[in-house]
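Numbering (the working numbering), first residue to last: 77 to 686.
All the pointers check out, no bait thrown in.
With a straight-line cut-off of 20 Å between C-alpha atoms, the simulated PhoX-like cross-links for lysine-lysine are: (1) LYS636 to LYS286; (2) LYS467 to LYS483; (3) LYS457 to LYS684.
In short, the hints are calculated from the structure, not lab data.
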Amino acid sequence: MAGQHNHDGDKDFMHRLRHSTAHIMAEAVLQLYPDAKLAIGPAIDAGFYYDFDLGKDEQGRPKTFTPEDLAEIEKRMRQSIAAKKPFQYREVSADEARQLFQGQPYKQELIDGLAKGGLDEDGNEIEGPVPMSTYRHGNFEDLCRGPHLEHTGQIPPDAFKLMNVAGAYWRGDEHNPMLQRVYGTVWQNKKDLAAHLTMLEEAKKRDHRKLGKDLEIFVFDEEVGPGLPLWLPRGGVLIEELERLAKEVEEQAGYVRVRSPHLAKEDLFLHSGHLPYYEESMYPAMELEGVRYYVKPMNCPFHHKIFAARPHSYRDLPLRFAEYGTCYRYEKSGELFGLMRVRSMQMNDAHIYCAEDQFEREFMAVIDLYLHYFKLFDIDKYVMRFSTHHKRGLGKKYIDNERLWLKTEDMVRRAMSNGGIPFVEQADEAAFYGPKIDVQVWSAIGREFTLATNQVDFAQPARFSLAFTNREGQEETPLCIHRAPLSTHERMIGFLIEHYAGNFPAWLAPEQVRVIPITDAHNEYAYRLADRLAAAHVRVQVDAGQERMNAKIRSAQLLKVPYMAVVGEQEAQNNTVSLRKRDGSRQDGMDADAFVALVQERIATRAKEL
RNA sequence: GCCGACGUAGCUCAAUCGGCAGAGCAUCGACCUUGUAAGUCGAGGGUUGCCGGUUCAAUUCCGGCCGUCGGCUCCA
Numbered sequence: 077m078a079g080q081h082n083h084d085g086d087k088d089f090m091h092r093l094r095h096s097t098a099h100i101m102a103e104a105v106l107q108l109y110p111d112a113k114l115a116i117g118p119a120i121d122a123g124f125y126y127d128f129d130l131g132k133d134e135q136g137r138p139k140t141f142t143p144e145d146l147a148e149i150e151k152r153m154r155q156s157i158a159a160k161k162p163f164q165y166r167e168v169s170a171d172e173a174r175q176l177f178q179g180q181p182y183k184q185e186l187i188d189g190l191a192k193g194g195l196d197e198d199g200n201e202i203e204g205p206v207p208m209s210t211y212r213h214g215n216f217e218d219l220c221r222g223p224h225l226e227h228t229g230q231i232p233p234d235a236f237k238l239m240n241v242a243g244a245y246w247r248g249d250e251h252n253p254m255l256q257r258v259y260g261t262v263w264q265n266k267k268d269l270a271a272h273l274t275m276l277e278e279a280k281k282r283d284h285r286k287l288g289k290d291l292e293i294f295v296f297d298e299e300v301g302p303g304l305p306l307w308l309p310r311g312g313v314l315i316e317e318l319e320r321l322a323k324e325v326e327e328q329a330g331y332v333r334v335r336s337p338h339l340a341k342e343d344l345f346l347h348s349g350h351l352p353y354y355e356e357s358m359y360p361a362m363e364l365e366g367v368r369y370y371v372k373p374m375n376c377p378f379h380h381k382i383f384a385a386r387p388h389s390y391r392d393l394p395l396r397f398a399e400y401g402t403c404y405r406y407e408k409s410g411e412l413f414g415l416m417r418v419r420s421m422q423m424n425d426a427h428i429y430c431a432e433d434q435f436e437r438e439f440m441a442v443i444d445l446y447l448h449y450f451k452l453f454d455i456d457k458y459v460m461r462f463s464t465h466h467k468r469g470l471g472k473k474y475i476d477n478e479r480l481w482l483k484t485e486d487m488v489r490r491a492m493s494n495g496g497i498p499f500v501e502q503a504d505e506a507a508f509y510g511p512k513i514d515v516q517v518w519s520a521i522g523r524e525f526t527l528a529t530n531q532v533d534f535a536q537p538a539r540f541s542l543a544f545t546n547r548e549g550q551e552e553t554p555l556c557i558h559r560a561p562l563s564t565h566e567r568m569i570g571f572l573i574e575h576y577a578g579n580f581p582a583w584l585a586p587e588q589v590r591v592i593p594i595t596d597a598h599n600e601y602a603y604r605l606a607d608r609l610a611a612a613h614v615r616v617q618v619d620a621g622q623e624r625m626n627a628k629i630r631s632a633q634l635l636k637v638p639y640m641a642v643v644g645e646q647e648a649q650n651n652t653v654s655l656r657k658r659d660g661s662r663q664d665g666m667d668a669d670a671f672v673a674l675v676q677e678r679i680a681t682r683a684k685e686l
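When you get a sec, could you build the whole thing from the sequences and use the hints?
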């Protein structure tokens, strides 16, 4: 691997810098905790981490780092840097390595893995035995394939920082012991470090959890429950607008709307096959008169039942059932994250039933929907991830039918290639019933999420005996495409808040116009103007409070209202407004009719510009 | 769920070593009648997340629970 990116000198240097800093951190930790067991310590985006097992305290609880420890570790790291210790490489045999890392059980496990193939230090699969090597600086020697810097003095002592401590399972498996992971960041110089820290601060300002509160979009209430958002009136508007958009677009694309209840008998989820795969994420059953009911974690089985409700001819297909369905999933408490990961959600859901020869067209029509929406929302930072089943054994996670997995994956791969849509393939990310194209995006603070999804289902139609009569008069099982281009309301709105930093385009803005009378003598004119706007279906409010105009403008700005219509003596006399846009630009003496027309036009065309 | 940190008024935050819980903003009222990001004065607002313990006395120390945050796991 090393040497393959030599042409990218800077990137290569940063990688060596980050990995080397991880090593001197481990050295410092061993000085402080000589009995610490080392796991792995790779370079990552913007820095590095290293996992440690510090053993147990007197009460038998795992020992952990304190913030003071981090400061002490940093101090010792700087001493190591000042000593300019050279990094020395050497190859070792498996036996030498085992000897060298006596008393380091995690290293022993890694050595065993390298010796017989299996997993490498980053958890990637490797074939057969791999030569082993170590890097040593001073008294610290670590199992490592490198590459590293020449000596510790190349690490700028004022350009690294230990960020935080977190728990992390050994090898990422929750059945394994939990280790202490120390994250750090390191840069080429002090300025780059400062810039990175500033960037993190800026990102926090557009975090949807902060803006959602500031802009009065949603709240969580302890008594309602974690992961169960309450939508304030301004959030309600966002939901209404997204649904309006989806209905328009889906109507054009030949969808029909259906509706299904929030709960169903256990039988339905047994039939669909969801229960064995999904039970952990479902709210427990409620039992009444001897019948068990579940609140729905997804809409699919209901739509399948709607399909099954009537006989179908090949002439009916494709059939596209759309519903903004409300689902409930019991996500584990630690997995909840603002609006991005919740327990109650409304999905922009639809199921497309089609014959096999219609698949490619239908699948790519959904991809086109994605692209249509992304253009509308100006979303350009995303990756389409082709999520396939696990290469080695299907296990309990996936429907056991290798042949259909390979067949449907091939269908998706071919469709995407024919459509010229770039994607990255990722094994072991599929739904239990088939492969999918997920759209991956990143939150303000850099966490990755699946926004939209487009899934093939080769399993459920057969389980529900769904059928249509083909040209030959025979019963045939349709394919099903599950899709959610607008995600859930929760995740979409969470994402859009961050994407726009709260500066929604006029059509989405919860409040589109705020009319600001300069003194209370102009309230009447302000209300007349507002009435006209409201009659044109514009969301408008008049700020008739007793504050000064400056304060009124400030509060409208803080709520990021796109248009402020300031009206005083001049305006009332001439039937005009002084238009102030959210970006601070102004148009004085604008004709009131022209203003109403402008706002209407921006909203009607879902314009990006104000 | 796991590891760690945190939880004070609607919001953002103070409160020395354990000694009567405070500020700004927001809200309400009065005054001011104002020209493009905060006018002035006043008032109300708290079981310091919840339960228990130690103490003459707990926001402060200890334990349990709930919630939030940073990660891990998981995921639309």
